[in-house]
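Each chain, letter by letter, is given below.
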Amino acid sequence: MSILAVPSATYVWDWSTVLSVQSLEIIGGGLLYTLFVSVLALVFGNVIGLAVASVRMSGRQPFSGLAYVYIEFFRTTPALVQLIWIFYVLPILFNISLGPIEAGVIALSLNAGAFLAEIFRGGIQSVPSGQRDASFVLGLSRPTTFWSIVFPQAVRSMLPATGNVFVSLVKDSSLLSVIAVPELTYQAQQLATSTFRPLEVYTLLAVTYFIVAFPLTRAVGRLEKRLRKSSIR
Amino acid sequence: MTITESGTAAEPAREAIELRRVSMAYGSRTVLQDTTLDVASGSVVVLIGASGSGKSTLLRCVAGLEQIQEGEILIEGTVTQRGGSGKAEKRALDRSSAHLREEVGMVFQHFNLFPHMTALQNVVFPQVKTKKLSQSVATEQAKAMLQSVGLGEHEGAYPANLSGGQQQRVAIARALALKPRIMLFDEATSALDPELVGEVLNVMRALAKDGMTMLVVTHEMGFAREVADRVVFMDGGRILEEGKPDVIFNNPTEGRTREFLARLLDH
Chain A
1 MSILAVPSAT YVWDWSTVLS VQSLEIIGGG LLYTLFVSVL ALVFGNVIGL
51 AVASVRMSGR QPFSGLAYVY IEFFRTTPAL VQLIWIFYVL PILFNISLGP
101 IEAGVIALSL NAGAFLAEIF RGGIQSVPSG QRDASFVLGL SRPTTFWSIV
151 FPQAVRSMLP ATGNVFVSLV KDSSLLSVIA VPELTYQAQQ LATSTFRPLE
201 VYTLLAVTYF IVAFPLTRAV GRLEKRLRKS SIR
Chain B
1 MTITESGTAA EPAREAIELR RVSMAYGSRT VLQDTTLDVA SGSVVVLIGA
51 SGSGKSTLLR CVAGLEQIQE GEILIEGTVT QRGGSGKAEK RALDRSSAHL
101 REEVGMVFQH FNLFPHMTAL QNVVFPQVKT KKLSQSVATE QAKAMLQSVG
151 LGEHEGAYPA NLSGGQQQRV AIARALALKP RIMLFDEATS ALDPELVGEV
201 LNVMRALAKD GMTMLVVTHE MGFAREVADR VVFMDGGRIL EEGKPDVIFN
251 NPTEGRTREF LARLLDH
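Quick mapping for you: the protein sequence lines, in order, are chains A and B.
Sequential numbering from 1 applies to the first sequence in my numbering.
Sequential numbering from 1 applies to the second sequence in my numbering.
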């Protein structure tokens, strides 16, 4: 016990190499990749989620069943395993070549899509049926009813959950370091090896994730509050 | 009120709404049983009865919100629904009666305003989408309509910031903006605080005076007595008795009607 405590007590922190311009450029480059990959995965994940949710809600077999299998499979297997499978197994099975970034974005998108599909479904089903009744008797078409009446209200209830998915994506993108995507965590590992300063580097890494994710969670909270004020029963 | 011969194609608009031997069930639970009812153009018919007697379902069938299993529903002489019709026939009926959907407006117990739109937008949006009116024409009409239900000052408010009575008046304005010839009211005042019931009933009263055809489900017996041309008592999915308000309220023939009215007076 005391043996473990000794090094930390006597450890002399040295931030000079880690906070140098050169090091920060490496970290900054990684951060850009992290954001790029996360945003792409969020966009694709939303498209996948919306499509899968509507197929699932249509109740039309076998599509609805397949959507269910997809959702449950991606929600019950680790993201890391999905990533490794898509990077190593998928290319061999389908005889295609996938770069690490493509594989990473695909894996994160499919993973987020599964969670978002359930969020969409819950959000859409949370809109009271009276809204559809009123739309019908007012002569609104089905697409108008969905896009102008149901969807905007569903988004309100989905917003916090969707924001949390994005925060998760930013964090989960660190998994891509395993397949050598030069995102934040991978760059930090490289830097730790080259500077021999892993404690400083990994501390900086944690703080960087926090600095990115914390405003996101705050922004979602504020947006939610503002939307709630403007309307909703 | 006489029941007209069915199929009098010469005067299709005399009966605004006709139900012919309509039956409807949710799964195995029958909600409407062999119901026949006529509502003449320009008349006000009030449906009364205990909850679960099928009044609201009847209204929802007329509005096309529920599918009937047997019988026929006609709006202004045109069949809009026929029980037991297959997919193809149903589609054909929907097409041939699509224009009639616009003739029927409906007001709900829980208002069902669009919460993400202001009062004004609630009234403007359906006009633009359904009637294909320009934004400016629709806005002008919406403002006039809100004015007529006494809400000119609240056009910018979201539903959440309006009282129940105000919300219901916006809902009425929204329906009227589409210029329907028939209005359905499904317990329009049941969700309101007692002191707000009057303002909504006043709007309904004015509408009846203007000659609107109205089919009204309500528990407001005073309103029924005053405004209705005909009162229909429903029980267990059937129409048990119908007639002029005087007769139904003062001298009902059916024991069930008497029981129902007596129970109302107890409260």
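Read the hints as simulated data drawn from the structure, not as lab findings.
Predicted model, so just to flag it, every value in this text is computed and none were measured.
Each residue gets a CB set at the ideal place from its N, CA and C atoms; glycine is no exception.
Among the hints, erroneous ones may be present.
Sample of chain B residues facing chain A (criterion: CB under 10 Å; computed from the structure) [claimed, not checked]: (1) GLY64; (2) LYS90; (3) ALA92; (4) ALA98; (5) ARG101; (6) PRO115; (7) PHE125; (8) PRO126; (9) THR130; (10) THR139; (11) ARG174; (12) PHE260; (13) LEU261.
Far from chain A, by Cβ distances over 12 Å, these chain B residues were calculated [as the list claims (entries may be wrong)]: (14) ARG21; (15) SER23; (16) ARG60.
- Could you tell me which of the numbered hints above are not met by this structure, giving the numbers in increasing order? Violated: hints 2, 3, 10, 12, 13, 16.
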